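K.L.:
Listed here are the chains, written in short residue letters.
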Amino acid sequence: MKRLLSILLAVMLPLALTAQAPAATPFPHAKHAKLFPTCSGCHAGVAAGDAAHTFPAVTQCTSCHDGKRQKTVVWTPPAARGVGLLSYSHPRHAERAGKDATCATCHGETGEQSPWMNVGRPAQARCTACHAHQTPEHYADANVCATCHRTLVQATGLTDAKIAALPKPASHAQANFISTHGSGAKVSTASCATCHARESCARCHVDAARSDPIKGLAQDARIARLASAKAPVYPVPQDHKAGDFDRGHGATARANTARCAVCHARSSCATCHVGDGAAAVLAKLPDAAEARGRGVLLKHVDEPARGVVPVGLVKNGDWNPKPHADSVRKVRVHPTGFAKSHGPSAAAEAMSCQGCHKQAFCKDCHEGERIGARRYHVSNFVNSHAADAYGRNVECTSCHNTAAFCRACHQQSGLASQGNGRSAGYHNAQPQWLLEHGRAARQELNTCASCHQQRYCLQCHSELGWRVSPHGPNFDASRFAKANRQQCLRCHFKDPLGGK
Amino acid sequence: MLRKLATTAAAVLAVAPFVASAQGVRVTGVTYAQSIELRPLVYDSVGSYFTTGTGEWRVLADGTPAHCVSGSDYCVFQRSGDRMTMAPLTQDLSFVSWGLGEGISVHADVRARAQLSSHDLVYPGSDRSLELIDAYADIDRSWGRARIGRQWVSGGLGVYDFDGLSGVYRHDRYSIEAWAGRALVQGINNTYASAQLASAEDLPPDQDGYIVGARGRFRPNAVTSVTATYQRVLMADHSGLYSERAALDASTRALGASIDLALAYDMVTGAWNEARLRIGRAGFHQFGYSIEARHSAPFFETWTIWGAFSPVGFDEGRATVDWRSPSLPLTLSAHGAYRKYNDADAGMTLRTDGWRAGADAIVQGPGALSAMASYDVDIGNGASRNDARASVRWSGQGERSFGLTGSAVQNIYEFNVGTGRIIGGAFDVTWPLGPDLHAMADIGVYRQLFSVGAPGPDWTQRRASLRLEWTLGRDPGLAGTAK
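Listed in order, the protein sequences are those of chains A and B.
Start counting the first sequence at 0; every next residue gets the next number (numbering that gives the first Met the number 0).
Start counting the second sequence at 0; every next residue gets the next number (numbering that gives the first Met the number 0).
Because the hints were derived from the structure by calculation, they are not lab data.
Owing to the predicted nature of the structure, the values given are computational and were not obtained by experimental measurement.
Careful, some of the hints might be misleading.
Stretches of chain A that chain B covers, calculated by requiring three or more beta carbons in the stretch to come under 8 angstroms of a beta carbon on chain B [stated by the list, open to error]:
(1) 253-261
(2) 340-347
(3) 453-465
(4) 468-482
Here a beta-carbon is modelled for each residue, glycine too, at the ideal position from N, C-alpha and C.
Put together the whole structure using the sequences plus the hints.
P.N.:
Below, the structure written as C-alpha cells:
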C-alpha cells in the first residue's frame, strides 16, 4: 500500500506543479471522491513518466457527463496546453520519496491526513523542503532556478501574456540593477534563462551577438515580440558623469572596449571620432550590420548651442527613446568658445585631436581662405573685424597671411596707404598723427602691416630717409643681428654693429 | 603659373601609382562661390570754401576729413566709390588613399581659384590660380609615424608648412616628433623666395628658408599632457635665421577644472609672444566658468623690418561664465576682458588699454529649433565696436538646416571708419542633395544707416555664397558604420 502511495505521490506532485493556470475550472477532485478508489486509475502514466497517460482521456469524463446522466463538461488535460516552466521527474522523485510517501503527502491539502481526494497543487514549501534555497525569498538571485525550472525557450506552453506577467525578482527593481546585472548574469546564465531569451538582452545590448552570457541564451520569437514593444534603457554610468570623462575615456575604452560595446555601436563613437586616432577601438565595436539596434547614438551639437552639454553631464531626463527609434543624446565635448581658445589645449594635445578630427581638420581654418565651411566668423564679419584685429582677441595671423590677405584687401578697398604720406585717408582724423603714431605702431604693429608696406616706414625710419630710429629702449641689436645681420642693412648703410 | 601647374601635376602623378593600387580611395571636393559687393574708397576734391577749419587738415560738413594743400583752392577727401562686385570661385580637391600596406596612406589637397566678375576688385588670394596645399605619403603604426612630402606641423608656434620629412616616435607616455624641410610661407603655400610673396611684399626675402623643429610630449596620466617645441627657420645659405622659437604647452585637470598653460618665446628678439594660463570648469551646479591671464606680443620673422621696431605686447585678464537652466533648454553666458599695453616709449595721447564684454543667450531644446542672441562691446586702441546679433536655426534630419541671422553693428572710434552703424540680415541653408553631396548657401543684405567722423567705406552691401561638398569613395576604417 505504501509503495502504491509513493507511486501515487510521484504521480500527483508533478501533475500539480506542471499544471498551467486553468483555462476553465480545474478538475474538482473532492466532488469525485466517492467515484475513484485510486489515483492511478486516472493518472496511470505518472509512475512510469509516461506523459501520454499522465492525465485521463476526455472520454473518461463523458462516460458519465454525457448530458443525460450528468451535464456535459469541458475539460482539457493540462498537458495539451503545452510545456510549462517547471521541470519535474515523477519516477525519480518517487524513488527518492521513500515507501512512506503517498500522493497526499504532497498533494493533500493537509498532507497525508487530508480526506480522500482532497488534493490540489502542492505548496512551494514541499519543493524547497528538499531543494533548499540559499535565501528564503523564492526569487532571490542566489537561488538556482534551473533545479526546478525549464528555460523559457523550452516552456513552449507559455503565451506572450504569461511571459509578460512573470514575476520580477526584487533585485531587478533595484536602482542600480541595470548597471550591475552583468556580473551576475555571467555566473548564473541558466537562472536568467528561466525568464529570458537572447532577445531580452539584445533589446539594449548592441553587442549581443558577441557576448558569451547572451549567446548562452536561446532565441525565442515570443520574447522578440515583447522586446520590440519596449524601449531600450541606457542609464548613464557613474564614470561618464565625471568632469574629465571626455579626456579620460579613451584609456578606459582601450582597456575595456567590450564594456563600451554594451551600449555603443561603432556609429555612436564615430559621431565624434571621425579621425584616425580611435580607429583601433572603433574596429572592435559592433557595426550597424551586427548590432541589433544602434545603442546610444550620440549627436554632436553644433553652433549655436555653444558649450552646453559635455558628454558626462547628459541627464536621463533629456532623453526618452522610443522603441526602435534612434536613441540620441546630444553631446558637445569642447567647452564654450573653444574655437577661439583651443590653442593651448590643442598644442599640448590634452585630448588627442586626431582621435576625433581628420588631420586636415586644422588646415581647414588655418589655411586661411577656406571660409564658410565652419562659420568661424559671424556673418558679415568684414564690417566689424577691425576691433578684433586690433585687440588680438584671436590672432588673425594664425590663419591669414597679413600681406597676401589683409593688405591685399585693404589696398583694393582704398583703406591702405597710397605711399605719399599725405593722403586724405586713414589717419587724417588725427592731424598730429606723425607725432602720435609711434605708440600705436608699437602696440599694434600687425595692423600697421595690414596696410603699409615696409618701404613706407623706411621713408623716415632708415638712414636713407629721415634717420628716425624705430628701435625701442630694450631693443637688443646684437641679438637681432646674430640671427639675421643682412636685415640690418635694410635701413643702415653699413653694419651698425661693426661686425660684432 | 606653368611652374605651379607642373609642380602640381608632378605631385599628382607621383602619387597616382599608389592611388591606383590602393585598397580604398576617397576624393572630396568643395566648390565655393561668393558674391560680395563693396564700395571702395576713392579720392575726390572739393572747393576749400566747402570745408571748415584752417591749415592742411580740415573737415567737410559731414565730418569727413579733407586734406587742403596750402595755396590751392581745392581740398582732397575720400568717399565711397561705385558699387563693385567680387565673385571669387574656389575649388578644393582632397585625395586620400589607403590600404597600400599596414598604416600606409597617401594624401593630397589641391586648390584652384578663379574670379568670376570682371571688375578690378580681386578677392585676396585669387591670383593664386592653382595651389598645392599638401601632398604626402604617410605611414602610421602604433609606435610611430613617418611622413614625406608637402605637409604641415601645428602646435604652440602656430601652423608651419614645408616640403620635407617628419616623424613621430611614441613610447608609452612619451612621444618625440621631428621635422625638417624647405619652409613655406603660411597662407601662401609657397617658398620664401617665390613670386607670390614678392608680389605681396615690397621687401621680400631673397632666399628660401629651411625649417627644422622637434617636439617632445609627456603624458604623466590620462588628463595631463605637457609638450615642448623648438623650431628654427634657417636661411638657405645658412647665413642667418628667419626665426627661432620655442613653446611650452601644458594641460591638465584638477578638482574638476581644466588648466591650460601656453608659452611661446621668440629667441631672436627675446620676447614672449604668448604667455597664457587658463582655468576653466564646465557643469558645476549648472555653472561653467573660465578665467585667463594672458600676455600677447606680435611675432615677426626676421626677413621683415617689423621686429626691429620693438613691438610691445599687452597683458590681459579674461573671464567667462555660463549657466545652464536645469529645467529649460536655455544657456546664458557672459564674458569680459581687460587688457593693458606695455610701455611703448613712443608717441602720444593714444589709449593704452582696452576692454571687451558680452553676453549670449542660447536656446537649444531637444527639437529641431534653436535660437541665439548675443551682445558684445569691444573698446580699444585703433578700433572699437558694439555688436548685437540674433539668430534662429532649424536643424532637421540628415543635416538639413535653415538659419536666419539679424545683426546690428556700430563701429566707433576707428581710425578711418569713424562711427558708423550697419544693420543687416542673412539667411543660410544646408541641404543634402544626396548621401555624398551637400549644398550650403547663404545670402545677406546689409545697410549702413549712419556714418560720421571719417571717410569710411559704405558697408551697404549684398553678399551671397554657394558651397557644394561632395565625396567619392568610402570613409577609411568605418565600413558598415550607420550614418
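K.L.:
Compare the structure with each hint and give your call.
P.N.:
Cross-check of the supplied hints:
no. : hint    : verdict
1   : 253-261 : violated (count 0)
2   : 340-347 : holds (count 7)
3   : 453-465 : holds (count 5)
4   : 468-482 : holds (count 10)
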